[in-house]
Structures are given as C-alpha cells and as structure tokens.
Amino acid sequence: MKQAEPCPHAAAVDRSVNETVSEEELTALANHLDECPTCRKSAMGNAQNESLLQALHSLKSIETQTSVDISVSMERLNDLFNNYEIIKEIGRGGMGIVYEARQLELDRNVALKVLPLMYSRARPDAVSQFRREAALAARLKHSNIIAIHDFGQIEGTLYYAMELVQGRSLRNILKEIEDTDPVDAVFGDIVTKSDASKPGDSAGVEPRRRRWPRSGSRTRLTRRYFCKVAEWTAQVAEALDYAHKNGVIHRDIKPSNLLVTADGRIMIADFGLACPVDEDDTLIQSIMGTCRYMSPEQVDPAQGPIDHRVDVYALGATMYELLAFESMFPVEDEKVLSQVLNQDPPSPHSIVPEVPLELETICLKAIAKKREARYDTAEAFANDLKRWLLNLPILAQRPSLSRRIVKFAQRRKLPVVAGATIVALVVASGLLFAGYRNWQKRAVEEQHEAWSHRVQQRLYDAQSDFNNGRLHHALAKIDATASAYPNEVEVQIVRAVTLHRLDRRKDAIDYLFGVLAKRPDRWPAHLLLAGIYNELGKNKREADQHADLAREFMPQPSAKTYYLQALCQTDAERAVDLLNKSLELDRTNAGALLTRCQRLFELKRYDAMLIDAERVVALKPRWAVSHGQLGRALRWLGRAEEAVYALNRAIELDPQRPQWWTDRSGARIYLRRSSQAIADANEAINLDSRFAFAYVLKGLSRANDGDVKGGLQDLDRAIRLNPDCAQAYIGRGTVLTRTGQWSQALADFDKAEKLDPGQLCLCDYSRACIHDHRGRCYLALGNNEQAIEELTRSIELPSPEWIDSHWARGVAAFRRFRFKDAISDFSRTLEKKPTLEFARLYRASSYEILGDYPLALRDYEWFETRTSTQLDAGYVRLFEYCLLRRIGRENAVFKSRTADKDWTNCLFDFLFGTVTQKQLIVDAVTDEQRADAYYFSGMLALLENRNPDAKTALSKCVALNTDTLVHDLARVRLRDLENPGN
Amino acid sequence: MFHPREFPQTRPSLLAAVQKTKGHLTWREFFDRYAPAVYRVARLRGIAPNDADDIVQEVMISIIARITDFHYDRDRGRFRDWVRRIAENKIINLARRGRRPVSMPDAALEDYVLDENSLESLWEKEWQLQDLRYCVDQVAVEISPRQLQAFRMYVFEGVSAEETGRQLEMKVGYVYVIRNQVLNLIRERMRKLKNQEKAP
Chain A
723 MKQAEPCPHA AAVDRSVNET VSEEELTALA NHLDECPTCR KSAMGNAQNE SLLQALHSLK
783 SIETQTSVDI SVSMERLNDL FNNYEIIKEI GRGGMGIVYE ARQLELDRNV ALKVLPLMYS
843 RARPDAVSQF RREAALAARL KHSNIIAIHD FGQIEGTLYY AMELVQGRSL RNILKEIEDT
903 DPVDAVFGDI VTKSDASKPG DSAGVEPRRR RWPRSGSRTR LTRRYFCKVA EWTAQVAEAL
963 DYAHKNGVIH RDIKPSNLLV TADGRIMIAD FGLACPVDED DTLIQSIMGT CRYMSPEQVD
1023 PAQGPIDHRV DVYALGATMY ELLAFESMFP VEDEKVLSQV LNQDPPSPHS IVPEVPLELE
1083 TICLKAIAKK REARYDTAEA FANDLKRWLL NLPILAQRPS LSRRIVKFAQ RRKLPVVAGA
1143 TIVALVVASG LLFAGYRNWQ KRAVEEQHEA WSHRVQQRLY DAQSDFNNGR LHHALAKIDA
1203 TASAYPNEVE VQIVRAVTLH RLDRRKDAID YLFGVLAKRP DRWPAHLLLA GIYNELGKNK
1263 READQHADLA REFMPQPSAK TYYLQALCQT DAERAVDLLN KSLELDRTNA GALLTRCQRL
1323 FELKRYDAML IDAERVVALK PRWAVSHGQL GRALRWLGRA EEAVYALNRA IELDPQRPQW
1383 WTDRSGARIY LRRSSQAIAD ANEAINLDSR FAFAYVLKGL SRANDGDVKG GLQDLDRAIR
1443 LNPDCAQAYI GRGTVLTRTG QWSQALADFD KAEKLDPGQL CLCDYSRACI HDHRGRCYLA
1503 LGNNEQAIEE LTRSIELPSP EWIDSHWARG VAAFRRFRFK DAISDFSRTL EKKPTLEFAR
1563 LYRASSYEIL GDYPLALRDY EWFETRTSTQ LDAGYVRLFE YCLLRRIGRE NAVFKSRTAD
1623 KDWTNCLFDF LFGTVTQKQL IVDAVTDEQR ADAYYFSGML ALLENRNPDA KTALSKCVAL
1683 NTDTLVHDLA RVRLRDLENP GN
Chain B
374 MFHPREFPQT RPSLLAAVQK TKGHLTWREF FDRYAPAVYR VARLRGIAPN DADDIVQEVM
434 ISIIARITDF HYDRDRGRFR DWVRRIAENK IINLARRGRR PVSMPDAALE DYVLDENSLE
494 SLWEKEWQLQ DLRYCVDQVA VEISPRQLQA FRMYVFEGVS AEETGRQLEM KVGYVYVIRN
554 QVLNLIRERM RKLKNQEKAP
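Chains as they are written, first to last, in our numbering: chain A, 723 to 1704; chain B, 374 to 573.
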C-alpha cells in the first residue's frame, strides 16, 4: 500500500534536499518527517550528500591550527605597552586594529592603531617610511587634523596613538545617504523624525535597493546640503594646505579618512601614514577603493612625480561623491584604473540635477586629470569654495567642452595646439555662454573638426614621409594612426595603400582581411583587395569576387564614395579624376581637397595644386596642414618667398611639428637665406632629434653659408640616422661637388637614385639641381658627352630653370667643339645672368672660332664698360688683342696697355715683345699662369706664323690639363693646326 | 576581460594584484584561506609543527611583501599556484638548511622533492579541503545558532538524530531537514567559489 500510494509530501522532501526552502516550509516538513518513515528515509540517505558528508568528516579530523596569527592579541599588547592600557577594540581592518587606549602618563584616552607584526616584517621599507612620515605628521597641529600624539615600534609592532575623535566618517555618511537621504544623513540630529518620514516617502518600503536620489523626494535636497558639502570640503582643503606648507602630503584622502565630529567639525585622519597597502577593509578594496581617489599620476608613475596636488585631486573626488552620491568610477574591477587615467566622470549635475553648476565647476577643476589644470594649492581650492559660500563669483572656469576636446585629444596622444586655438576661438567668440544646447552641438562639431584635422594631419605626415624617402617612417606613422583610429575607414585605406606601395602586398591583404573580419561591409577594403589581387594576376576569381562585393556594399555614388575610391587609387591620374567628381558634389570636403593636393603634387601639377591648397586654406584656416600644403605648392612653383609666409602660419598654428620647420628651411635654402634655414633645421632637430631630413637641410645650409666641413658632418649624420634617406645622399653629393670631390659626389647621386628611383622625394627644381650637379661632375671628370646628357635633362625638366646648367652644358659643348650649341647655351645663360662673365668670354671665343668676329668683338668690348668682379678686365683684353691683331686692327683700339694685375701686365709685355717667352714661363707661378703663358706664346707664334712653335707651346698648355679657358682654347687651336680643313 | 596590453603605462603590480584576488578578501580572510593549506601540506610532508608555523609565517610575509610586485602572467597560473610555489620553496629551503622532516630522517633531499604530479594532487586536495572549510565557516554564520548546533552535533560529532533532537528540543525530522539544508548551502557556496576561481 505504501508503494502503491506515494506520499504526497515526497516531492517537497526531495526538493528540500536540493534547494533552500523557507522557514515555514521547513517546520512543516519536519512535522511530516516525524510521521512518515518513507520520507524520513529519503531525507536521511541521499546519494548526492554522501561525498560531501565524507569530505566534511575528513575536514573534522584534519589539523589546521597554526599558532601563527596576523594580529596581536590584546593581552599581548598590554604586555608590550607600558604607557598604554588597552581598553577596547574600536575598529579593525585587515592590516590594523584600532583600540581605544588610555595613555597612562597623561591620563587621557587615545586611539591606538596597531599594525600587525607581520606587516612590518614583510615591508621593512614601509617601516622606515612610516617612521619618517609619522615624525612629520606628529608636528601638525590643526583643528581639522587628528593629532598624532605618539608613534613607534615595540618588538617589531608598529603603532601610533592619535587623538580620540568621536564621529562618523564620510564613508559612513555616504552609506547612510544611500539608505536614507542626504539631508537625514548629514543633518540627522537636526531634522526631526517626523520630518524625515513624510507620507509617500518610500524609504520604508525597500530600503536596501533604493539609491537616493533616483526615487523619493528630491525637493529636500536644498542649498543647505550643498553648503555643508562646500564647507566641509573647504575645511579639509585648508587643513591640507596647512599640512602641505609643512611639507606633509596625505596621499590617501578618501571618505573613510575624513571624520565628522559630533559638533560638526570635519577632521582628517591618518595624516602622512598612508601605507602602500592600507588598512582599509579589504585587500581588493584597499586597492580599488584607494584607486578611486587616486590621481592619475599615482596610478601611473609615467604621468609625473607625486606632489601636493594628489591631495587636491583626492579631496575633489571625495567632494564629487558628496555631490553625485556616486563615486566617480563606480565599477568594481580593474577597469577603475584605466578610467582614472582615461575617462572623465559624468558631471555630477547630470546625475543629480540639483547640484549647483558653480560648485560642480569647482569640483571638476579639482579632479582634472592633468595636475596643472587643478587648483595650484589646496588653499586656492578652499578659497574658491568660500567664494561660492559667500555668493561671490568663483575663479574656476567651467571646463569648456572645447577644453575637453583638448583633453580628449591629449589622451589619444594628439598634439594640443590646434585644440588650444579652438579654445581661444571659442572663448573669444563668447559662444561658450550662448546656451547649453548650442554649446553641446558646437562641441560635437568641434570635436569632429579637431578629429578630422588630426586624421588629415597624420595622413599628411605619413605622405610627406613617404615622399621624403622615409618609407618606413611613413608606415610607422600610419600604423600609429591606425592604432589610434582603428575603425576609421580613411586610415584603413591609407594603411593598406601604403603597405601596397611598399610592395608588402601580402601584409596589405592580411590587414584588409582583418578589417573585413570586423566590418564585412567595408567596401573600400573589398575594392583594394580586388585591385591587389588583379595586380598579382593569380587570383582572378578572388579579385572578381571582391570587386563584386565592393559594388554590392558601395552606397549610391556620393562625394564620400568618390573620395574613398580616390583614396584607394594608387594611380594618381585616376585618383584626381575621382576627386574631381567628389569635389563637384561637395566642395567643402577638406579631406578630399587635401588628398587632391597630394595627388596633384605627385603628378607635378603644381599650379592646380596651388589652387586646391588655397581653397583648403580658405576652408580650414586653422589647420596647420592647410598652410603646409600651400607652402609646399608655392615652393615647388619656385615662389619660395610666399611659401615661407604660408609655412610661417603653419608653424604658428602647430609649432610642434618638425615637418613645417623643415619645409620652411627648404624654402629658405632656395632663397639662399642660409642662416635662417639653419635655424629652422635646428628647430626641427630639437623637435625630433632623429629627423634625418632636418640634418640634410642643416648640412646644406651650412655648406651654403661657407661651412662646408660642418655641412658635410651634418649630412654624414643624416645618412647614419637614416641610411635610406635619398635626400641625404643628394645633399652630400651637392656639397661634395663644391669641394671638387667629383667621383664621390657622383657615387652619392647614384646611391640616391637607387634608393628612390622615381625621385618621389624631389621637386623638379631639386631634380634639375641633381642633373646639373651630375653634369658638372662629368664635366670636371672630362666626360663631356655624359655631362651634356645630364645637363640636358636638367634643362629639360619643367622646373624653374636651373640656369647654370646651360652654362655648364655650353662649356661641355665647347669642349666637344660644338661651338654653335655652346653659343646658344651661353646666350641663354647670359639672357638670365648677363653678369656671368666667363660665359661671355667663352661665347666670345666661340664666335671667334666660328669666324664671327664682330659678335666676338662685341662680347669682348662689353667688358670694357665694366669694372669686372669675376675677371680681370685686362685679361679679357689679351684675347681681344689677339683677335684684333689677327684681323689687323690692333692699333685702332689699344691705345694703352692697362691692366689691373701684374700677371696680366706681364702677359701684355710678352705680347708686345718686351718680355721673352722664357722670362714669362719663369714668372708664372701657378699651373694656370703657366697655361696662360704657353697659350699666349702659342697664339703669338700663330700670329707670327711660326706654326711648329705654336704647336709646341699649345701642346704644353694642354698637357697642364687645367680647368681654364686657355686650356680649352689651346685644344681648339691645336685641332685647327692639325686639321687645317676645320 | 583584462588584458595587460590595454594599459601599457599602468603599474602592472596593481593590476595584477587586483586581478588575482578578485572577490573581497580581507587580509584576515586571506590568511585564513591560504595559511591552513600551507600548514597542512608542510605537516603532511613531515615537517614539525613549530617549523610548519615558521613556514606559514614566512610564506605569508613573502606574499604580503610581494603582493604589490606580483606580476600577473596568464601562463603562470593561478594565485594559488603562486602561493604553492612560494610554500614549496620554503619547505625545500628548510630541508636544505638541514632541518629534515621528522618522518623522513634518512631521506635524501632528492626523494623529498616530490614530482610535480603528486605535488600537485597533494596541494589540490588541500585547497579543496580549505575551500570546504571556508564554505562551512561562511555557512555557519548564515544559519541560526540552533541550526548550527544541530548540524554540528549530528554531522560532525556523530550524535544520532534522535539524541540531537532530544538535546536541542527539536523534532527528529527537523534535524534531517536542517542537515539537508545546510549541506545545500555548503554545496552552493562551493559552486560559487569554483565559479569565482574560473572567472578571469
């Protein structure tokens, strides 16, 4: 029968084995079990309980009792202390116990805090710190500081005795606030009970879950409460200021360390006794709890040393809780640390609308992440609070949203300057006070503005690095940008494109897949993948697939889609086309304009680039990068003077960016303002001591300034810093041509070309310069053909003309006996530089050789009207005389033989027959003079039709192999002698 | 989930200490949870009570001294393993200093150094026991003194249910029910503890 009819309580019994049941049910079950043996049996023996019971039995038998204890017993303490009698324990934390004790000598009661023995053994360093700080703290006498009477160590046990204060800590008060309400908690002894429990007050209904002030009556949160908060905070701040002026920092201000006495005074406890691990309740809370009031510089030592402003911060954080009824960072785990460093707490006003804005302003100033932004002293903090209490205007300014943007930017490791100008702008325009809504909207816009400026700035930087041959720097910058803005589509594209341009296609593909893993709808990523696969030529299917996906995800064509497509383009022409489309639809996209600038630059369409740059400047006058682009366009157009102005502005807006300084330095080199160029390069080096390009510019300017040796040192340094910097080799090559180290110079130029075959890093002007220099090297090394080739390239580049190339090419042509070519080059040179006297002399000689005597004479005569600076006028007359004599007109012109220089006079004497050839050769000192002597001997012999003598003399002149006109002319005359047909 | 790379500039010690001691342990609780196991293992490995006390103290001092330096490293395992390693070092050191365990007067030091597996199971068993003890202690304060008394008599002291009921003036059925209820609470606690451990 028992089996047939299961007990109706069986289920309940079973449940009680596995679940927790209510007290009433338990009693009912117990009654039933007494009567029902079946159920009793099933309650008694339950398999599930067996193993647990067994474990419990073994637990019973094991020996775990150690005789070690972390705290010292009261009896033992009484043995230890002669001068204190322990009365009772009044508080206990994990690391210390506070007793009420009687100080026998002085017959007064004190609070005696005893740190466990183990603690002092574990941290001997902490002990010395404890002693040092306690000694300082014991000297503090202030009505708001709990006095330390005594401290010391007895048999390894650290203790200190302090004033016994009856009161509640702010921590307790905040807890009460949570359970009841602020006014009750703070003025509990003043507000009557009947006041506190008004009808409808839900305090009694669910006291545990309720968080004031989300429910309940808010009306009671009056100014009176906030005045109390201000008063307390001011009192604490004044006490802190007193301590700071006495050289003591508290380091651990927090609600549980601030006691409110029965008479309403607030007292700071534990001054100077903050231990690395505090005696706060729990291990985790001692870390977390302290963290909540820890300033960023305490959490992260990298933010700077700790000073008195940590107390200002911690007091601010405490005040925050009194205003918002919530801690700044209410999370319970390690997130607190990152929040302390990186996150601004919500404004108390947004949590508790009654919080007076000015009081909040004061509080927010105290808890600024940057200590420079906090109150300088606790006194200033106190004073501002007192101003508020007296209804005076406070000194703290609302942290404007724009300033928050700066903070936002800083935390993302972005430069501040642009933000600073935004602040200036906002403050100046007075818009700050135009109303909260407006303010908020503006802030969002500004934030976006600041953000997009940062992105553009970084993209520009990377681009210029790329163009400066710092390919890997470019990638590093893009990488940094990508980690700062990992989800920014522009940054993602540019990173992939950069990888691609560096021929790291595999990495580009991996990266793009990474992007797609997160956002499969990022069509530009598909587009890029399609492009890369197409280029690799292997995965046609893959390429098509991604092209399809790109089409699928791409929204309707808009300014934005064209812009993004343009970013994806490696081909500059096509990119410009797309950007044209984008800008047709939206003329105000600064990013697109800047990108087009960049692309036009690559295409060397500097005029168009200039127009875009000017437009960006109009659009974004506060972006340093706009002015930077403008400066670049101008400089590449050869308008260096204007470029300097544009770059001045860029530097003004963002002086921390080495890029602007080097750009301006480059422009100033162009303008031959060497000392200014050096100063700019130095500034760039100051900002980035590893900036190879800055050293290049410095080296070049120093060389221009006459310090060739120093210049070469700088250039060597640049090469050491970045052996891949093509420009450094170019610079060194240039300087080496000046010192006549032709082969080395050529080697440097070759190296540069190898590093940067597309000459991406150079403006046309520089390219022309390189070809010019190479041409000169070849010329000097006697390779005239090569020289002509290089110089022709230099001349043909569409840059502002590198006029000296014509001159050099003329010489090369002259040496190749191509006198007509030479004459045209010399003429071109003289058009631009009529004062280049050597060119004129060479041209005259060329005309003479070609038999065009009138033109030759005209050139020679040109010198007569001039007091020459480069050439001795008399020297030219030597040639003129030879010509005139040859055509039989010497006496007509040469009335007097005047010359400025002895050597020239000597030559005249020789030509007039007063000095013999032998004497002349003896008088010649240098090879050049000897060459002159032999040349004019030869000429005289020619004029006198002594051809064999002429041949001998001219051969001797050529053999001297000097880099002179007479050498070149001697070669021509010799050739004419040998081949009379010419 | 915490990842060290997220806050490169933060004191790792602080993070790590937080990381490993999740849950709210007071120093005393901390001591209570770790000291007995250390003591037990020391004793099980034949160390005299006085020396085991020394070891406990030294281990706790080491931990307090180093908790702020404790460098969290995922591969280095749980906090307990850290405690275990410190304790093992102390035990071995003690043996090295010549104070051989009493139960193994002739054992060579090599024999004394247990292999990792048996060492691990030894410690594991102890940790489990300590967890259980910790849970029982916690439950003990949750239930009424009368219930505690009943449970202690019936389960720990082996007094029969009838006798327990008689002495405490409660129905026998109530004794059973109480036993089951308390066992439940203990089981629940154990489960919670396990989850806490698992949590990163």
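Hint data in this document are derived by calculation from the structure and do not stem from the laboratory.
The beta carbon of each residue, even a glycine, is placed where N, CA and C say it ideally should be.
Treat the hints with care, as some may be off.
Coverage of chain B stretches by chain A, computed from C-beta distances (three or more under 8 Å per stretch; other residues unrestricted) [stated by the list, open to error]:
| no. | region |
| --- | --- |
| 1 | 504-515 |
| 2 | 533-546 |
| 3 | 554-564 |
The hints, checked one at a time:
1. 504-515: Per the Cβ count (3), the hint holds.
2. 533-546: holds (count 5)
3. 554-564: holds (count 7)
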